[in-house]
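Which chain is which? The protein sequence lines are A and B, in order.
Each residue of the first sequence is one higher than the one before, starting from 155 at the first, in the working numbering.
Each residue of the second sequence is one higher than the one before, starting from 34 at the first, in the working numbering.
The hints are simulated quantities; they were obtained by calculation from the structure and are not laboratory data.
There could be a bad hint or two in this list.
Computed Cβ-Cβ distance ranges for the label pairs, DEER-style [as the list claims (entries may be wrong)]: (1) A:Gln-189 to B:Gln-43: 33 to 41 Å; (2) A:Arg-242 to B:Arg-37: 19 to 27 Å; (3) A:Ala-277 to B:Arg-49: 44 to 52 Å; (4) B:Arg-49 to A:Gly-449: 55 to 63 Å; (5) A:Gly-344 to B:Asp-80: 47 to 55 Å; (6) B:Asp-85 to A:Glu-162: 25 to 33 Å; (7) A:Ala-342 to B:Arg-37: 46 to 54 Å; (8) A:Lys-156 to B:Gln-43: 31 to 39 Å; (9) B:Asp-85 to A:Arg-196: 50 to 58 Å; (10) A:Arg-393 to B:Arg-49: 23 to 31 Å; (11) B:Arg-49 to A:Leu-302: 50 to 58 Å; (12) A:Ala-277 to B:Gln-43: 28 to 36 Å.
Computed cross-link-like contacts, DMTMM-like style, restricted to lysine to aspartate or glutamate with a CA-CA straight-line distance of at most 25 Å [claimed, not checked]: (13) A:Lys-156 to B:Glu-73; (14) A:Lys-156 to B:Glu-90; (15) B:Lys-59 to A:Asp-455; (16) A:Lys-177 to B:Glu-90; (17) B:Lys-59 to A:Glu-389.
Note that the coordinates shown come from a computational prediction; the quantities given were computed from them, not determined experimentally.
Note that CB positions come from ideal geometry on N, CA and C, so glycine has one too.
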Amino acid sequence: MKCRRCGEVAVIDLPRHNAAFCKPCFLEYFARQVQQAISKFRMFARHHRVMVAVSGGKDSLALWHWLASHGQPTVGLYIDLGIAEYSRVSRERCEAFAQRMGLQLEVVDVRQETGFSTPALAARVRRTTCSVCGLVKRYFTNRTARRLQVAAVATGHNLDDEASTLLGNVLHWQMGYLARQHPVLPAADGLVRRVKPLFTLTERETLAYCLLQGIDFLEEECPHARGATSILYKELLNRLELISPGTKHQFLLGFLRRARPSFSQAEPPPELGACRECGEPSTAEVCAYCRMLSGARRADDAFATKENKGGIT
Amino acid sequence: MQVRLRGGRQEVIQVRGPLTVRQLAKQLDLDLESHLFVREGRVLTPDVRLGDDDQIEVYRAISGGTRR
Ligand code: SF4
Ligand SMILES: [Zn+2]
Ligand SMILES: [Zn+2]
Chain A
155 MKCRRCGEVA
165 VIDLPRHNAA
175 FCKPCFLEYF
185 ARQVQQAISK
195 FRMFARHHRV
205 MVAVSGGKDS
215 LALWHWLASH
225 GQPTVGLYID
235 LGIAEYSRVS
245 RERCEAFAQR
255 MGLQLEVVDV
265 RQETGFSTPA
275 LAARVRRTTC
285 SVCGLVKRYF
295 TNRTARRLQV
305 AAVATGHNLD
315 DEASTLLGNV
325 LHWQMGYLAR
335 QHPVLPAADG
345 LVRRVKPLFT
355 LTERETLAYC
365 LLQGIDFLEE
375 ECPHARGATS
385 ILYKELLNRL
395 ELISPGTKHQ
405 FLLGFLRRAR
415 PSFSQAEPPP
425 ELGACRECGE
435 PSTAEVCAYC
445 RMLSGARRAD
455 DAFATKENKG
465 GIT
Chain B
34 MQVRLRGGRQ
44 EVIQVRGPLT
54 VRQLAKQLDL
64 DLESHLFVRE
74 GRVLTPDVRL
84 GDDDQIEVYR
94 AISGGTRR
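Start from the sequences and build out the full structure, keeping to the hints where you can.
Pasting the structure below:
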């Protein structure tokens, strides 16, 4: 295949754009997609400092790499969840990347902050690791973004992530999620603005970006990866995409343009106050994070007391 | 040719060439929207012909868990 723009040998074909590109032309295409997303959705300005939430995986490192190499002031945020080997190697990847690129990386260690690893917290409050992980990540991301006074938090969500989330939300008619699913979540009462600059690029395109730029990303996934449903949705959408290129893009962009406004009107965002204990934004008097943490501490105390009495072995 | 499926179990499969990337994907039941094929560090389009001595790396694009 030949590059559509310059006629050189192509490295990637993009059926949804009826095109194939060589490396330089693909990188141009990639840049145009990101620039358009940032400017059309007014994500942030060129001089704003943006915090990039990184996991060591291809999407977040592709995003950080692109922003940093296009002159955007950035700081990385890595949250060490204390998930055994996975956290160790993913943290290493992020630190190595930051060092190689000469970028600032903030690391928040959940074990240092709470005294527990994320799976240990989950076990104590009898919730799944992923649900506690989501809560902990949202909490520390916002808290760190406020402390560093960044203009926005950027995450590496791509078109496949967004389209498969939308499919799940539609299948279960999650009205609140449908009202809020958007590439930009504006700042509100202590909540820092959140943006997804890669949301028009497919997962295959962010992978190609990493391979072409020689980014050393982590291929292994978290051992708790929910697997089944979110992956099934992505695979189903990809089957549709193969038969009818452009399906994922139409599904998501059509929703954002035509359907989402009605959902947002029907479901106004909940009112936020400040948590009495920690000051972070919350819909209740004490935020979900503080309640979870005190629950875990209570469970731990009860456990220790029984152990001292020889009740539990 | 030797085909290495990266991520997950890092399976290595022997496949008889010559054939194109598209034919290889079909033979291994890997869809082209969810995978990228790489030879000697170069990403390949579906029409590229692969020979018997080639070493191919297959990257899976879908994240959120592995099913292989
Ligand atoms: S799979 Fe679950 S536990 Fe692992 S990083 Fe994702 S949300 Fe967190
Ligand atoms: Zn070109
Ligand atoms: Zn709180």
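Structure-based check of each hint:
no. : hint                              : result
1   : A:Gln-189 to B:Gln-43: 33 to 41 Å : holds (37 Å)
2   : A:Arg-242 to B:Arg-37: 19 to 27 Å : holds (24 Å)
3   : A:Ala-277 to B:Arg-49: 44 to 52 Å : holds (50 Å)
4   : B:Arg-49 to A:Gly-449: 55 to 63 Å : holds (59 Å)
5   : A:Gly-344 to B:Asp-80: 47 to 55 Å : holds (53 Å)
6   : B:Asp-85 to A:Glu-162: 25 to 33 Å : holds (27 Å)
7   : A:Ala-342 to B:Arg-37: 46 to 54 Å : holds (47 Å)
8   : A:Lys-156 to B:Gln-43: 31 to 39 Å : holds (33 Å)
9   : B:Asp-85 to A:Arg-196: 50 to 58 Å : holds (54 Å)
10  : A:Arg-393 to B:Arg-49: 23 to 31 Å : holds (27 Å)
11  : B:Arg-49 to A:Leu-302: 50 to 58 Å : holds (56 Å)
12  : A:Ala-277 to B:Gln-43: 28 to 36 Å : holds (31 Å)
13  : A:Lys-156 to B:Glu-73             : holds (19 Å)
14  : A:Lys-156 to B:Glu-90             : holds (22 Å)
15  : B:Lys-59 to A:Asp-455             : violated (57 Å)
16  : A:Lys-177 to B:Glu-90             : holds (18 Å)
17  : B:Lys-59 to A:Glu-389             : holds (16 Å)
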